Each structure stands twice: as structure tokens, then as C-alpha cells.
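Engineer: Taking the hints into account, I'd like the entire structure generated from these sequences.
Residue numbers (this note's numbering), protein chains in the order written: chain F, -1 to 127; chain U, 2 to 184.
By construction, these hints were calculated from the structure, which means they are not laboratory data. Nothing false has been slipped in among the hints.
In silico lysine to aspartate or glutamate, EDC-like type, Cα no more than 16 angstroms apart, as pairs:
#, chain 1, residue 1, chain 2, residue 2
1, F, Lys14, U, Glu120
2, U, Lys171, F, Glu11
3, F, Lys14, U, Glu172
4, U, Lys171, U, Glu120
One-sided and incomplete, this derived list gives chain F residues near chain U with beta-carbon spacing under 7 angstroms:
#, residue
5, Pro8
6, Val19
7, Glu25
8, Phe28
All values derive from a computational prediction rather than experimental measurement. The beta-carbon is built from N, C-alpha and C at its ideal position, and this holds for glycine as well.
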Amino acid sequence: MKVSPFDHRPDRELGKALRSVLTGADEEAFVQRVMTRVAEMHAGGYAGLAWWEVLDTWARPGLVAAALGLIAGVMIWAGGLTFGGENSAALGDPLQAVGDSGVPAAFLATARPPSLNEVMGAGLAGDGR
Amino acid sequence: MEDAELAALAHAGDRDAFGELVRRYVGQARRVARSVVANEADADDAAQDGFLAALRNLGRYDPTRPFGPWLMRIVANAATDRRRRQKVRAADPLSPQTPFTGTSPDRAAFRRQFRAALEAALAALPERRRIAVVLFDVEGYSHQEIAEVLNVPVGTVRSDVFHARRALRKELAVWEDLKEEIV
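Structural biologist: Structure follows, in C-alpha cells:
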């Protein structure tokens, strides 16, 4: 029976011809050969996967984890820049804000006398006033 | 016993169960490997690579799905890997043959010529078409199953089988008068 190339059934004639070309000799010997290798694998402490296959299984999750880590790092770094700017402003304000008396508020907010460095810093910052 | 049960036993370390799976699929695996790797000894090495890789990866096999396509995918990949590694050792392709037309009809000689011609026609096809036509017309796989083996859409498999059949049929037509004797 001749089957058209469009046919969705197997072409028996072509199949038989290809089978005669592709079928190897002595199947049982081949099975024994494979099973000998299997026995060697078991004897060699075969534990399911070879080391490169284990690494291969970790490759994709590893890349995902690295990408997430990178994103998290960038976000923390960017956030740190923002927060860092606010912090420096918050620390600088009490020293730089000058009240009606012309004396920085930080000097008035504490009973402790200002140190020489603080006085010099305030003097330089408020020099233009 | 079903393939999935044998696979579960083999995964648990039952060598006899794995041996039974090898026996069930040895013909298919060798033919699929042979459709990728021209040399018979190399094809057998590739089929063996495929079986051993399947054994190592039995834990990934989904027992709700057919075992054959899963195994054939591994075998086909093993054969492709081996063929790539052996490019430098590739044999010269067989030249197209014409039927023997001498006066002494030697059946064995006809068969050898026919096999060589069909092998050459098969070797001239792209690898994916070779695997597709062998799985469909020799092993009786469905288009859907072949699509899973080759990891391509079903429509691509239909097209591959169509083109491969057309090319091989052309070769068979040359031997039309003699094929009853030699196939």
C-alpha cells in the first residue's frame, strides 16, 4: 500500500525499508553491554547524578538568585544614598540654623558649653551673616 | 508490568527493572541513534549514553506520561552530542546509488545497494527530519509524541515527516521493481 506524504498514518512500506537499514545486529549483546555499564555505575558508588549534572541543576536557580541579589544590592545602595542625604541634613541643621540671637540653636539647646571646634565651625558657616 | 512501574523500581535501584526497560526500548533507541549518527558503532555508543543518562535522570521522569518519548528525547540528545563531538571523524557521505542492472541477479548485492542508497537518502535529510520520520513510520509514534521528543510544535513535526517521506519515497521509487525481493 502506497501512502501519500500527506497521510497521517505510518507508511508501512517506508517504515519496513528504514527498519531494515537502521536496525543493529545482536540486540541481546547490546543489552548486556549496557547492563555491564550499569553494574559498573552501581559499583562505583553511583548516587543518582554525576557532579556536572548536579551543577547543571543548580545553574538556573543560581542565576536567578544572583540576579535577585544584584537587584536587592542596587536597591539598598540607591536607598542608602537617599537616606544618607537626609541624615546629613538632619545632623547639619541644628548647627547651621541660626536663631534671632544670631547664635546657632545647637548651642542654646544644651547646658554644656560648646567646644572650640563647634564654635569655629559655626563661625565659618555663619560668616556671611 | 507498566513502563512507569519499572521506571520507579529502577530509580529505587532495581537493576532487573532497568534491564527490562532496556530490552523494551533497545531497538527503538538504536534506530533513533542510528538516524542521527551515521556509523553503527558510534550510534550504539550514543544509544548506550542515552540509556545511562536516562538511568541517572529517572527521578525527573513524570510517570503520568509515556516513557518512550521521554527516553527517545534523551537518546536523540545523546546522539546529537556524540555526532557534534565526532565531526572530525565524520565518514565521507555515500554517493547516490542506482539499482544493480547486471545479468546475474544477486539478492544480497541488491540488498546492499538498496540499503546504501536508502542510508544515503536518509543522511541527506536534516537531522530533525530523520528523527521525525523514523519515529513516525518505523516506531509508530504520534505527531504529538514526536513533538515532545524533538521539543518543537506539532505542525513542525507534520512538515518534517512530509518532507522526509517525499525525499525517501523518491529514492524508493528507483527501486520499485526490486523492492519485493530486497526489503
